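So the number in our numbering is just where the residue sits in the sequence shown, counting from 1, plus 1.
FYI, nobody ran anything at the bench for these hints, they're computed from the structure. The structure presented is a predicted model; accordingly, all values stated were derived computationally and were not measured. Misleading hints may appear alongside valid ones.
To be verified - Cβ-Cβ distance ranges computed for the label pairs, FRET-style:
1) Phe-42 x Gly-15: 29 to 37 angstroms
2) Glu-39 x Lys-6: 29 to 37 angstroms
3) Lys-6 x Lys-38: 15 to 23 angstroms
4) Arg-40 x Lys-6: 29 to 37 angstroms
Beta carbons: idealized from backbone N, C-alpha and C, even for Gly.
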Amino acid sequence: MRTNKGARSAGTDGIAPRSVGPVEAVGLLARLRQELKERVFRRIRCGR
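Throw the hints in and build the complete structure from the sequences for me.
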């Protein structure tokens with residue numbers, strides 16, 4: 002993801018992949034995993 006054009010622009014959450022370092026990525030993925038396990042994850046709807 003970091004090497005394609007999309008890595009330069011922020012997603013619907015306002016965070017650009019290049020601005021997330023390895024330490025932050027581990028935390029984000031851990032939180033996502035926990036939310037998925039607990040079935041409380043809610044996706045962000047985009048304007049499509």
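Which numbered hints does this structure break? Per hint list: 1, 3 violated.
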